[in-house]
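Protein chains in written order, with our numbering: chain A, 91 to 437; chain B, 2 to 260.
Everything labelled a hint here was simulated from the structure, so no lab data went into it.
You may find that some hints are simply not true.
[Stated by the list, open to error] Within a straight-line C-alpha distance of at most 25 Å, the following computed DSS-like cross-link-like pairs (lysine-lysine) qualify:
#, chain 1, residue 1, chain 2, residue 2
1, A, 276, A, 400
2, A, 221, B, 56
3, A, 333, B, 180
4, A, 333, B, 242
5, B, 241, A, 333
6, B, 180, B, 56
7, B, 202, B, 117
8, A, 299, A, 281
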Amino acid sequence: MASFFIIGASYDDGLGSYAPHPIKLEIPPGWPKPPTNIYANNKLTEEGFLLGRKLFYDGRLSKDGEVSCASCHQQFAAFATFDHDLSHGVHNGFSTRNAPGLFNLAWMTEMHWDGGINHIEIQPLSPITAKNEMGETLDSVLYKIKKDTAYKRMFKAAFGDATINSQRMLKAIAQFTGTLISSNSKYDKVKNGEAVFTPFEEKGYLVFKAKCASCHQEPLFTDNSFRNNGLALNRFADIGRQKITQLSSDSLKFKVPSLRNAQITFPYMHDGSIYSIPQVIDHYRTGIITDQSTLDPLLKNRIPLTNLEKNQLVYFIYTLTDSSFTKNQRFTSGNTGFVTNPGFDKH
Amino acid sequence: LNRDILYKRIISTIGVLLCCIPALLLSESFSSGIPDHLPQKSILKIGFIHTANGKAISLRDSVYKNYFGEQYSVNKLKYYVSNIRLAGKNMGGYYLMNAASENNDFQLSLQPGNYKSLEFLLGVDSLRNCSGAQTGALDPMNDMFWTWNSGYVMFKLEGNSPVSTSDLNRIEHHVGGYKGSNNVATKIRFDFTDDQLLELKAGSTTEILIEANLDHYWHGNSDIKISELPVCTTAGDQAKKIAANFQNIFSIKNIRILP
Numbered sequence: 091m092a093s094f095f096i097i098g099a100s101y102d103d104g105l106g107s108y109a110p111h112p113i114k115l116e117i118p119p120g121w122p123k124p125p126t127n128i129y130a131n132n133k134l135t136e137e138g139f140l141l142g143r144k145l146f147y148d149g150r151l152s153k154d155g156e157v158s159c160a161s162c163h164q165q166f167a168a169f170a171t172f173d174h175d176l177s178h179g180v181h182n183g184f185s186t187r188n189a190p191g192l193f194n195l196a197w198m199t200e201m202h203w204d205g206g207i208n209h210i211e212i213q214p215l216s217p218i219t220a221k222n223e224m225g226e227t228l229d230s231v232l233y234k235i236k237k238d239t240a241y242k243r244m245f246k247a248a249f250g251d252a253t254i255n256s257q258r259m260l261k262a263i264a265q266f267t268g269t270l271i272s273s274n275s276k277y278d279k280v281k282n283g284e285a286v287f288t289p290f291e292e293k294g295y296l297v298f299k300a301k302c303a304s305c306h307q308e309p310l311f312t313d314n315s316f317r318n319n320g321l322a323l324n325r326f327a328d329i330g331r332q333k334i335t336q337l338s339s340d341s342l343k344f345k346v347p348s349l350r351n352a353q354i355t356f357p358y359m360h361d362g363s364i365y366s367i368p369q370v371i372d373h374y375r376t377g378i379i380t381d382q383s384t385l386d387p388l389l390k391n392r393i394p395l396t397n398l399e400k401n402q403l404v405y406f407i408y409t410l411t412d413s414s415f416t417k418n419q420r421f422t423s424g425n426t427g428f429v430t431n432p433g434f435d436k437h
Numbered sequence: 002l003n004r005d006i007l008y009k010r011i012i013s014t015i016g017v018l019l020c021c022i023p024a025l026l027l028s029e030s031f032s033s034g035i036p037d038h039l040p041q042k043s044i045l046k047i048g049f050i051h052t053a054n055g056k057a058i059s060l061r062d063s064v065y066k067n068y069f070g071e072q073y074s075v076n077k078l079k080y081y082v083s084n085i086r087l088a089g090k091n092m093g094g095y096y097l098m099n100a101a102s103e104n105n106d107f108q109l110s111l112q113p114g115n116y117k118s119l120e121f122l123l124g125v126d127s128l129r130n131c132s133g134a135q136t137g138a139l140d141p142m143n144d145m146f147w148t149w150n151s152g153y154v155m156f157k158l159e160g161n162s163p164v165s166t167s168d169l170n171r172i173e174h175h176v177g178g179y180k181g182s183n184n185v186a187t188k189i190r191f192d193f194t195d196d197q198l199l200e201l202k203a204g205s206t207t208e209i210l211i212e213a214n215l216d217h218y219w220h221g222n223s224d225i226k227i228s229e230l231p232v233c234t235t236a237g238d239q240a241k242k243i244a245a246n247f248q249n250i251f252s253i254k255n256i257r258i259l260p
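Pulled out of the complex, with its shape left as it was, chain A reads as follows (with noise of 0.2 Å):
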């Protein structure tokens, strides 16, 4: 039988070989299992993760082969739109939310800031089609990357033949968007023993498990819920998860963002209303419009917190930035090789 194998092996179409090197979703330690399995049906390569990656880096996925994923999603501002309320898209188009940040997706079974997006694999769809962001049609994005002999040995090295076809993009770029962990700011080095906190910090810490942490849950720092926080309707008459649901109890909910990397990722709110941390905490401390009636119960009284409780409770926000996720080599666009010692590489 062997001998056979090896015949059926010589045979070359000029696009390198299929010798996928599987890689794992690494759980950082102490954090629960991720609700469902992402990759169930999307076999997690070293092949895969560099498709994907190359796909969220590629302007072809627009109409005007301007605007990539990364536009919009910036690796220094943890994968959000650095100091934008709102992104641009092509044709000077503004999107009518803030771009998030993108880590920890693997925990997030509902994705855009409505929820209206039931698989990783599929969200990509949304940004690209949209005619104030990517502006494209699929068939195009095909049709352009199918030309490029690059993404056919990419194609290959990942899913055993050229094929080009939706789904395997889609399932590549959720190799890639998937497996971008941010679990190593200053908190979790605390929490690793490897860092102490600050007194002022220690204190934030406290300020935070009090007021906070009830909807931003560790150690993702989101409950992945839907909230109303007592924001306005805003000039796109954004009405948020009701879109979705079709249920009037859902008005002016939207989804829990995690605080992780919140230093970086400002403005704030799903429509970037809010430029800092302290504007956002004043929010909760005196501007909640408090007449809502999906206003969640949790913020009816607001919430009361001292000048030196929101200081602290700053300070204790600035550790959870991660800048060796910002900084990761592995999740950057330059390189097209194989990447030695991958982070992930825990096989």
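Since chain A is already given, all that's left is putting chain B on it; use the hints.
Only chain B this time, still in chain A's reference frame:
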């Protein structure tokens, strides 16, 4: 598939077959004598035709009238057929029917016999709606997938009507929704009696032709007036109202054993 993989598949198939020989020798069929030939399967070819006002639907250039006397034309008519069940067995597969294409049929390989019922799901089951990126009939390239609120459009009817109040007198019914009470995927079932048996003969093909008659789309379990509901592109109450008529659209037009 490239040749490399094909070779490997063939070789491994041979390997599996070789491994099976001892099992076959030990099996009951051996003790009772190996049949001269393996039992022949039969083919069931399921085809769909689309009609309105007693005529085959002609896209764009014909005008039809619904139950309420509203005139309309059809530009697009597409829907999913899945979870086909015969004798209680789910045959799997997802098929996209499209009035714009010449052939709207598919074939299943089955044991010969008389079948008492045929069932299919008009639409895509909930599980497949949230199982990530799909290919084939379920490829999002087929323009039957909502990108902003995940889920398949189960049934799509687009056209025009002078009574439509929407832009360009459009009719745009994208009927979908898979969650809980908003699920519009509809079981369609036909029971066969002695008058009209679904008979599958060994080695031959039986063709069953199912007619989708749009006359029943507008009226039946609910009233769908174009003047009141020209556009429906989200899951929810309106989609459910439209889907309430799905069951009545389909009927068996003909069953025959192909020569």
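| task | Would you check the hint for residue 276 of chain A and residue 400 of chain A, treating anything up to 25 Å between C-alpha atoms as holding? | result | Satisfied, since the Cα-Cα distance of roughly 19 Å is no more than 25 Å.
| query | Is the straight-line distance between the alpha-carbon of residue 180 of chain B and that of residue 56 of chain B 25 Å or less? | reply | Distance ~36 Å between residue 180 of chain B and residue 56 of chain B Cα, so the pair is violated.
| Under the criterion that the straight-line Cα-Cα distance not exceed 25 Å, is the pair residue 333 of chain A, residue 242 of chain B satisfied? | Measuring from Cα to Cα gives roughly 19 Å; hence the hint holds.
| Does the structure keep residue 299 of chain A and residue 281 of chain A at a Cα separation of 25 Å or less? | With a Cα-Cα distance of about 14 Å, the restraint between residue 299 of chain A and residue 281 of chain A holds, given a limit of 25 Å.
| Proposed proximity, residue 117 of chain B with residue 202 of chain B (alpha carbon, max 25 Å) | holds (14 Å)
| query | Keeping to a limit of 25 Å between CA atoms, is the pair of residue 333 of chain A and residue 180 of chain B held or broken? | reply | Roughly 14 Å separates the two Cα atoms, so the pair holds.
| query | Taking 25 Å as the top limit, are the C-alpha atoms of residue 241 of chain B and residue 333 of chain A close enough? | reply | The hint holds at about 17 Å.
| said: residue 221 of chain A and residue 56 of chain B were given as a pair; does the straight-line alpha-carbon distance stay at or below 25 Å? | reply: violated (39 Å)
In the structure shown, a violation is registered for the earlier hints numbered 2 and 6, in ascending order.
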